[in-house]
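**Q** Could you put the whole structure together from the sequences, leaning on the hints where they help?
Chains as they are written, first to last, in the working numbering: chain A, 1 to 371; chain B, 1 to 270.
It cannot be assumed that every hint is accurate.
Listed next, the in silico DSS-like pairs over lysine-lysine satisfying Cα-Cα at most 30 Å (straight line) [what the hints assert, rightly or not]:
1) Lys170(B) <-> Lys235(B)
2) Lys286(A) <-> Lys200(B)
3) Lys163(B) <-> Lys175(A)
Here are the in silico distance ranges between beta carbons for each label pair [claimed, not checked]:
4) Ser256(B) <-> Pro264(A): 34 to 44 Å
5) Phe70(A) <-> Ser92(B): 26 to 36 Å
6) Glu85(B) <-> Asp362(A): 55 to 65 Å
7) Thr108(B) <-> Arg177(A): 28 to 38 Å
8) Asp255(A) <-> Ser256(B): 35 to 45 Å
9) Ala175(B) <-> Thr227(A): 48 to 58 Å
10) Thr338(A) <-> Gln90(B): 51 to 61 Å
11) Lys181(A) <-> Ser136(B): 18 to 28 Å
12) Arg177(A) <-> Ser136(B): 10 to 20 Å
13) Pro162(A) <-> Ser60(B): 23 to 33 Å
14) Asn90(A) <-> Ser136(B): 25 to 35 Å
15) Lys224(B) <-> Asn90(A): 45 to 55 Å
16) Lys51(A) <-> Gln268(B): 53 to 63 Å
None of these hints come from the bench; they were simulated from the model.
Computed from a predicted structure; not experimentally measured.
Glycine included, every Cβ here is placed at the ideal spot set by N, Cα and C.
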Amino acid sequence: MPYKRNKTRRGRLAGILAVVLFYAIVVSCQSGAESGGAPVTPDTTATVIYKTTPYNWKKPANFPDVVYDFASNPLTVEGVALGKALFYDNMLSYDGSVSCSFCHIPGSAFAHTDHSLSHGFRDRIGARNVPGIENLAWRTNFFWDGGIVDLDLLPISPIQNPVEMGDTLANVLAKVRNSGKYTAMFKAAYGTEEVTTDRFLKSLSQFLLTVVSANSKYDKYSRKEGTTLTDQEARGLTLFKANCASCHNGELFTDGSFRNNGLPKPATASLDDQGRYAITLQEADKYKFRVPSLRNVDRTLPYMHDGRFQTLEQVLKHYAAGVEDNAQLDPLLKKNGTVGIPLSSQDQQDIIAFLRTLTDYDFLSNPQFQP
Amino acid sequence: MRHAFFSSFLLLILSVAFLSACRTDPTEPAASTGSIQLRFKNKVGDQPLQLNGGTYTNSSGEPFTVTTLNYYISNIKFQKTDGSEFTVPQDSSYFLVKQSDSTSQVITLRHIPVGSYAGVTFLVGVDSVRNTMNISRRTGALDPAAGGTGMYWDWNSGYIFFKLEGTSPKAPVDATGLNAFMYHVGLFGGYQSRTLNNLKTVRIPFNARVAQVTASGAPVVQIKADVAKVFSGVKTLSIAQTPTIMISALSADVASNYAQMFQLDAIQAQ
Chain A
1 MPYKRNKTRR
11 GRLAGILAVV
21 LFYAIVVSCQ
31 SGAESGGAPV
41 TPDTTATVIY
51 KTTPYNWKKP
61 ANFPDVVYDF
71 ASNPLTVEGV
81 ALGKALFYDN
91 MLSYDGSVSC
101 SFCHIPGSAF
111 AHTDHSLSHG
121 FRDRIGARNV
131 PGIENLAWRT
141 NFFWDGGIVD
151 LDLLPISPIQ
161 NPVEMGDTLA
171 NVLAKVRNSG
181 KYTAMFKAAY
191 GTEEVTTDRF
201 LKSLSQFLLT
211 VVSANSKYDK
221 YSRKEGTTLT
231 DQEARGLTLF
241 KANCASCHNG
251 ELFTDGSFRN
261 NGLPKPATAS
271 LDDQGRYAIT
281 LQEADKYKFR
291 VPSLRNVDRT
301 LPYMHDGRFQ
311 TLEQVLKHYA
321 AGVEDNAQLD
331 PLLKKNGTVG
341 IPLSSQDQQD
351 IIAFLRTLTD
361 YDFLSNPQFQ
371 P
Chain B
1 MRHAFFSSFL
11 LLILSVAFLS
21 ACRTDPTEPA
31 ASTGSIQLRF
41 KNKVGDQPLQ
51 LNGGTYTNSS
61 GEPFTVTTLN
71 YYISNIKFQK
81 TDGSEFTVPQ
91 DSSYFLVKQS
101 DSTSQVITLR
111 HIPVGSYAGV
121 TFLVGVDSVR
131 NTMNISRRTG
141 ALDPAAGGTG
151 MYWDWNSGYI
161 FFKLEGTSPK
171 APVDATGLNA
181 FMYHVGLFGG
191 YQSRTLNNLK
201 TVRIPFNARV
211 AQVTASGAPV
221 VQIKADVAKV
231 FSGVKTLSIA
241 QTPTIMISAL
251 SADVASNYAQ
261 MFQLDAIQAQ
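**A** This is the structure in structure tokens:
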């Protein structure tokens, strides 16, 4: 049984009912006070009663405890709606040409499959592959190099990156403030129309936190909801646990660490990305990148920080036969002095079959994530 | 008669008690506290710093001009002559001094206990706690959207503590055709992994002088900030050799240097 959608819908229905009931009571009181008994024309300019509806956010049963501090930003239906509107608004870029969703496309698990490196405003090309967005409440750090550790601070970076949205946070806030489009939404979410850094960023966080993927075939299997894996998928899972899960571990399929996976250096010097080293300046962190989750991995091509691989077959081939030794190579990729992970081509195919069970079709087509 | 005298005496005592109760009202601490001002005078050697104007020479003999000078002053504490210390409350202790904005160079601190002060200490930069605090607590000078200051690294979350930008014929020509140099120093020690910690505490003793905080007068502590020291405070830095220093090991040298740039200029009683 799907773990949350029904409950969410029920919760929302209850919420709507409560609002309607409340409104009815208010209206009945008002018309009582009017004393004439004549029908009251609804006045749309009347003061909106500030009352938020808590958003029914639920942790999937097979997931660990969250990292995000929900107490500092309680999710509301109004806050999530505001965040979603901002996420899909081109106004967040300098020339109004791109929105967050330009690179983070819901049908691709919020990744961008058309480009190996990110594509920003004015056709500017970035330095890294666009990561998908999912299950952010469990993330301890963000970006391939972990330069950001607080989801609330994340959106500032793409907004201000000169090859992404190319604006300044101050200017974007001014545009949001002056547009008129958001007056009612800020009022509904926060009680007044004031647009602050805090409110703007936290509403984006609210929407992003609702982007949870936990309904793949694997999840239904994991939660014992009556789904079974095929023989090949089951073989793949066994191989995955033995060979991949020390880094891509747990139900989130990542340990959140930074590792050097022996990718051959690119021929172009400008693409020589030292990863985590840029953040810590520690020699040991050279060419280390964040271990990505593998949920929806079949839909989030291309792969690696620089998007060098287009298919999962290429990725598996890299681990089986393409890993290059270097000073910072992860020890797990150099067991017993042998570089790489010994996997036959059948093993590789079985693992890929398993990885495809991580595709969450409900998530990819969830209308709540659409504009 | 006697009774009436007693009653009026009682009334007098009562009203005195009432009045003094008003005076000790915690929301009006006027009698026990006063104000003090820190005024930052940015200079190069003994010359006043002029943005985009004056040409100066650093200790490597390199001529340079300054186009931007911004730095955070935070976590201010005052030392009394009796050896005790007063810490300005955290939420009121973050200031961004900008050469382009003369009002930002004057920091007025209120609710300072009345007394004789012998020195001040402050942090150049933003402490690690505030660097990792919830966005709701980052207001005023710490708001990442604070207009046009560019004192926040969005890709490696943290504040830029100190920013010096300028031009020099010794700097290579950049993409915009300018011989530009820039020093952007931040890094508070890291959150999940250790990074450089470029936070510097500066202590300025008033020496024989005393800043007298009273209920009515606010002493002014004038602090000279000598940009020349940024190139020579501890380690000599050459614009020709390192025109751009941001997130690199060299940022520690810039930080050690600028920690030497602050000196007491004067104390004025006002």
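**Q** Give me the numbers of the hints this structure contradicts, sorted from smallest to largest.
**A** Violated: none.
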